[in-house]
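> Combine both chains into one complex, guided by the hints.
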Amino acid sequence: MVEKEIVNKMKTEEYFVNMGPQHPAAHGVLRLLLTIDGEIIKNVDPDLGYIHRSIEKMCERDSYQQIVHLTDRMDYLSSHINNEAVCLAVEKGLDIEVSDRVKVIRTIISELTRLASHQLWWGVMGMDLGALTTYFYAFRDREYINDIFEETCGARLTMNYNIPGGLMYDIHPNFVNRVKEFLVHFKTKLPEYDRLLTGNVIFQKRTKGVGVLTKEDAISYGATGPVGRGSGFACDVRKKHPYSAYDRVEFKEALFTEGDSLARYKVRIMEMWESMSIIDQLIDNIPEGDIKTPTKAVIKLPKGEFYQRVEAARGELGVYINSTGTKNPYRVKFRSSGFSNLSVLNHITKGAKIADLVATMASFDFVIPDIDR
Amino acid sequence: MNIPLNITKTIHDWLFSIMPEGVATVTEWVIVAAAYLALFAVVGLYLVLLERKVAAWFQLRLGPNRVGPWGIFQTMADALKLVSKELTSNTKIDKFLYNLAPYFVILSSLIAIGVFPFSRQFQALDINIGIFFLFAISSIGVIGILLAGWSSNNKFSMIGAMRSGLQTISYELSVGLSMLTMVLLTGSLQLSEIIEVQRTGGWLIIQGHIPAIIAFMIFMIAGTAETNRAPFDLVEAESELGAGFHTEYSGMKFAYFFLAEFINMFIIASIAVVLFFGGWLSPFGITDDITWFPESIWFVIKVLGIIFLMMWFRWTFPRLRVDQLLTLEWKYLLPINLVNLVLMAIIIWLNWTI
Numbered sequence: 029m030v031e032k033e034i035v036n037k038m039k040t041e042e043y044f045v046n047m048g049p050q051h052p053a054a055h056g057v058l059r060l061l062l063t064i065d066g067e068i069i070k071n072v073d074p075d076l077g078y079i080h081r082s083i084e085k086m087c088e089r090d091s092y093q094q095i096v097h098l099t100d101r102m103d104y105l106s107s108h109i110n111n112e113a114v115c116l117a118v119e120k121g122l123d124i125e126v127s128d129r130v131k132v133i134r135t136i137i138s139e140l141t142r143l144a145s146h147q148l149w150w151g152v153m154g155m156d157l158g159a160l161t162t163y164f165y166a167f168r169d170r171e172y173i174n175d176i177f178e179e180t181c182g183a184r185l186t187m188n189y190n191i192p193g194g195l196m197y198d199i200h201p202n203f204v205n206r207v208k209e210f211l212v213h214f215k216t217k218l219p220e221y222d223r224l225l226t227g228n229v230i231f232q233k234r235t236k237g238v239g240v241l242t243k244e245d246a247i248s249y250g251a252t253g254p255v256g257r258g259s260g261f262a263c264d265v266r267k268k269h270p271y272s273a274y275d276r277v278e279f280k281e282a283l284f285t286e287g288d289s290l291a292r293y294k295v296r297i298m299e300m301w302e303s304m305s306i307i308d309q310l311i312d313n314i315p316e317g318d319i320k321t322p323t324k325a326v327i328k329l330p331k332g333e334f335y336q337r338v339e340a341a342r343g344e345l346g347v348y349i350n351s352t353g354t355k356n357p358y359r360v361k362f363r364s365s366g367f368s369n370l371s372v373l374n375h376i377t378k379g380a381k382i383a384d385l386v387a388t389m390a391s392f393d394f395v396i397p398d399i400d401r
Numbered sequence: 011m012n013i014p015l016n017i018t019k020t021i022h023d024w025l026f027s028i029m030p031e032g033v034a035t036v037t038e039w040v041i042v043a044a045a046y047l048a049l050f051a052v053v054g055l056y057l058v059l060l061e062r063k064v065a066a067w068f069q070l071r072l073g074p075n076r077v078g079p080w081g082i083f084q085t086m087a088d089a090l091k092l093v094s095k096e097l098t099s100n101t102k103i104d105k106f107l108y109n110l111a112p113y114f115v116i117l118s119s120l121i122a123i124g125v126f127p128f129s130r131q132f133q134a135l136d137i138n139i140g141i142f143f144l145f146a147i148s149s150i151g152v153i154g155i156l157l158a159g160w161s162s163n164n165k166f167s168m169i170g171a172m173r174s175g176l177q178t179i180s181y182e183l184s185v186g187l188s189m190l191t192m193v194l195l196t197g198s199l200q201l202s203e204i205i206e207v208q209r210t211g212g213w214l215i216i217q218g219h220i221p222a223i224i225a226f227m228i229f230m231i232a233g234t235a236e237t238n239r240a241p242f243d244l245v246e247a248e249s250e251l252g253a254g255f256h257t258e259y260s261g262m263k264f265a266y267f268f269l270a271e272f273i274n275m276f277i278i279a280s281i282a283v284v285l286f287f288g289g290w291l292s293p294f295g296i297t298d299d300i301t302w303f304p305e306s307i308w309f310v311i312k313v314l315g316i317i318f319l320m321m322w323f324r325w326t327f328p329r330l331r332v333d334q335l336l337t338l339e340w341k342y343l344l345p346i347n348l349v350n351l352v353l354m355a356i357i358i359w360l361n362w363t364i
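Chains as they are written, first to last, in my numbering: chain A, 29 to 401; chain B, 11 to 364.
So here's chain B without its partners, still in its complex pose (with noise of 0.2 Å):
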């Protein structure tokens, strides 16, 4: 018995059988699409309140403790002052821009997350070039920001526009080739084929042992440049220009610059498992005679766990300088990556693979 596959199957057949086809399809869209939006704006918020909490726990602090038992609530207080904030502006900003800026962020992270494989009947669309598509629509991203620091006509935000453009576009190529490294090895860029071939010869980042370990290595250093998170979040250095690209931002257009930080984190999280550690399969295959029990919990508590190494590298690490960015990317990562491919490959060739 699978408990949600029944109700959302219950579900289907409803709205099928009280409704022409047509309507019904457009009816499920919608419906599936707002079930995704409710569900990432709670993972966003319940992010954030992690987020605080591990840095709290980090700094010899408590955190959140005072809005519901263990702070639970305190980030939906915070959403709910955001949302009901004034959006200030400056006078002089590029009004159409200013206003376009925030949804080409937020909207990147939440397209991304219709091909999320969360477990196999868990995921809105399963297409064959899912990877493919998570790595391309997150990087829309940029332009987002890009705009909010040019439209906002503040220097500071310009600044950290420009920096965000240069890092995004340079660690693109670390996070794509590793990615591709990975690809190499299952020969597949559908995300539930790259799962289900994890199930007979071990997670990926065994089965390829050396480059497989190496590729990981890269693809969190670039994954974590890509969302702008500490040690590589020049973009919003607080200590150099205050807020960044979104310091003349407020209410509702700062709440999706910031949602959407924590969901591209969820996003980059969720590719590391998906290729390094099988996706929503259970470690050594403890759960797959148990039929009713939801994969899902796997898949999210890897992704947890991937997303507390990336807090953890945010509480510890200082902050790079602009060229030490671009130094590590372009004479480092970039060229180890290549190799890597190689080695890969040859690994491949000569099926040294475990």
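Chain A with its partners taken away, still in its complex shape (with noise of 0.2 Å):
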């Protein structure tokens, strides 16, 4: 009680600063109007625009195999995702249905690719935390999926491999070999990242109880991916809506009801394990089948409105097509999930402390052009 009074006797200045659109802990051109009074954060307000390449109009005026290219330069760490929700939705417009190959290849590397974006996100939360190690150890992990990727379909982050109705190049002899590989290789490493970072004193008193966000402000924000499933918001596309072979794997959607950082972090950490478990059920058993389900040259989807939802690394992303016959779209919107946990990061840092906003903004695992498309 002491404390109050003396705090509210004490008038102080509030003022300005410009965070970002270049600042370390932005992880892009993010640019957030602070008002601070000391330490203390009185307003978050989010300045988006600097990168924005209008992605949405373009790809009015491209055919349905370019937009699926765009899409990789939204959410660049789930490259692979975003292409599959086009190609869903692209696929759904012409009702056409793909092999059970490429379901399974799809959901493979889209888990391999989500496990791609944490282990980046890991040592990103530590760099931005002050543990500068932790980037380099998931730099180590991250290269042998990416040296997947590139025996592939020759590229590591922006990958072009899916294409409406099916997959550019059937994968590499030796994809199920190093699939295996690397499994057993982050089997043993995901341990070391909690005794390195999950178990450290100074880490859980940086990350419990900051950022806190209660189910309901995560459902009425519409905060999805760790960021609702850490408030208790069971919001995994994958378990609600299966799509590619996710109906067809066991795994336990990650959920934890305290909504702090540190519920998000443990959830992205389980979310590593559980991706590891649904790769290594189907990477055994991948069926024999076409790559590629035939469509015309030039794709003509019927008159209508076609959405589809993913989950993405970073939460939900729904693509909205809206089609009037012609090859090209009349109007696409794609609902990302970093734009709207954004929005909440407002309202969970009020009062907090300038480090508590990195800490809760490295919890949000922000991917700006995925913001600002």
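The set of hints was computed from the structure by calculation and includes no laboratory data.
Here the structure is a predicted model, which is why all the values come from computation and not from measurement.
Mixed in with the good hints, there may be bad ones.
To be verified - Rough simulated footprint, nothing fancy, chain A against chain B, three-plus residues with beta-carbon under 8 Å:
| hint | stretch |
| --- | --- |
| 1 | 108–114 |
| 2 | 122–133 |
| 3 | 241–249 |
| 4 | 255–267 |
| 5 | 330–337 |
To be verified - Residues of chain A clear of chain B, computed beta-carbon distances all greater than 10 Å:
| hint | residue |
| --- | --- |
| 6 | A53 |
| 7 | Y78 |
| 8 | L157 |
| 9 | T161 |
We put the beta carbon where it would ideally sit given N, CA and C, even for glycine.
Below you can see the structure in the form of structure tokens.
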């Protein structure tokens, strides 16, 4: 009580600080207008538009095959999942069914993408909190996945492996073995992550009870992915609306109810384990079949609206296509997880310290081109 | 035979033979000062290299390995680059304070090295309040950091400087009290005497057993905080404040801040070595009979050991938040320290030292 009275009596002047567009904690060109009173944050006002490339508008100009390649550049860390979302939406419009082989390969690569994304996030989370070493440990393991991708389709990050109707190429003969090698490697390394960062007292102090998002707020702000699930909002699209091969695998939805930064952290660590188990179940029995269901060279979707949701590494990605029956879509809208998650930031960081804002942002795992398409 | 001593003696005699006494004394001062400055510029540079190498070992990397074998000239090259760089600055800075700040920081570090006891012969000043002098001088540096943050006219620098102020002022208490605990055991503030006490009774960390070990742990925590290094590097927390108080500095002025950080680390490690690990004394007296053996080697080895420990902290731990930093000091370290001081007094009173 006494402490509170003193705080009320001391009147200090608030001031503005521009955090970004070039700031180490923003991981991109995100500009936050902070109103600060000493170290205490009074208001966070995100200012977007620094990396706006009008992807949605460009989609209206392009054919359906070309749209796929644009989505790589949204959330570049889950590029394969973005591609998959568009392909699924187009396939829905064309009413074609891809083969089981395609479904399984897509799922495996999606999960590998999710793993790579979460590994990068883990490294960056440690770095944002001041433990620089985590970054390099994460990159050591991420390299395995990138090498697999490179061998499979020639690219390491923006893969363009999906096309409407299937896959660009078949998997490399080494694919299965290398994925298995990676799984063996990473199952010994993921506990190392826990030993290095999760159990650290300073880390726990920095994240526990920091940036608490309640379940109600998570739902009303539309926070999805690990952010929503850290608050106890069961929103895993893979579970609720299975697509590709997710209906044939067993996995647990990572759910924590605390809603703080540590809960979001734990969700991602648990998701890494679950992703590995999903790959484990699929990798040994990739069915035979065509890797491509033939489509016309110029895809024309029938008149109407098509929507496909997938679980990207950062949350739900929705692809809305409005077609008038021509070779170009009339309107394309991406519902990106980062944008909704960012809207929560001001709500949960009011009254926190600057360092808490950084910790919260790290646990949200923003990819700015995803927020600002 | 003691070769270093002979060399210094020869120079001393030669100087006094060719000059009047007053001039020779002043010349000698200048030579000693220049030698120390040169020595510590090199020490600072090689500590930077060591830090980069240690960081690389922790982070699955190779570290600098291009300039010279094992990268040994890398930091020299970096220093040359920094010297030749243009000194840019903001337009709306407080010019006088902005230019003054780096000198405060570097001078406070350099003055402190004057009393360093490298060995019995290798100590520029052996004043009878040596440990107090070290402590007093090394805390001037914070003024420079505060000035740098204030005069830069940058809000991030300002936040960093304010954090530095509260951090250094808080943790000085713990550093001072843990030093006082050990001084209680030796009964002297003179560095050479503190070390010589340990020749007979074993290193102070063994002599003082439980309270000494507690004091050592507190000293290491508070000392790391004093030098503004991780996990207490809130001053320049790069993910929060960019570069903190030295954001607006470039070229040599930045290099002064950078060098001062590493010399400060050397200072803290030396105090720890003097107070807990017997300074220049060899472990178990293994080189006591070898008269030509330079004792300063033991001092440097021990200091590097402590510095390695501090680097280990830096590359392992996440950073504390500012309120947690203050909680740690005022609610845990300071009370423990006070109790520890009393415990040490009781142990000395009852003569329970080993």
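> For each hint, tell me whether it holds in the structure or not.
Hint by hint, here is what the structure shows:
1. 108–114: Our answer is that it is violated, as 0 residues pass the Cβ test (under 8 Å) against chain A, missing three.
2. 122–133: violated (count 0)
3. 241–249: With 6 residues in contact (Cβ-Cβ under 8 Å with chain A), the coverage given for the stretch 241–249 of chain B holds.
4. 255–267: violated (count 0)
5. 330–337: holds (count 5)
6. A53: violated (5 Å)
7. Y78: holds (17 Å)
8. L157: L157(A) is in fact no farther than 10 Å from some Cβ atom of chain B, at 4 Å.
9. T161: violated (5 Å)
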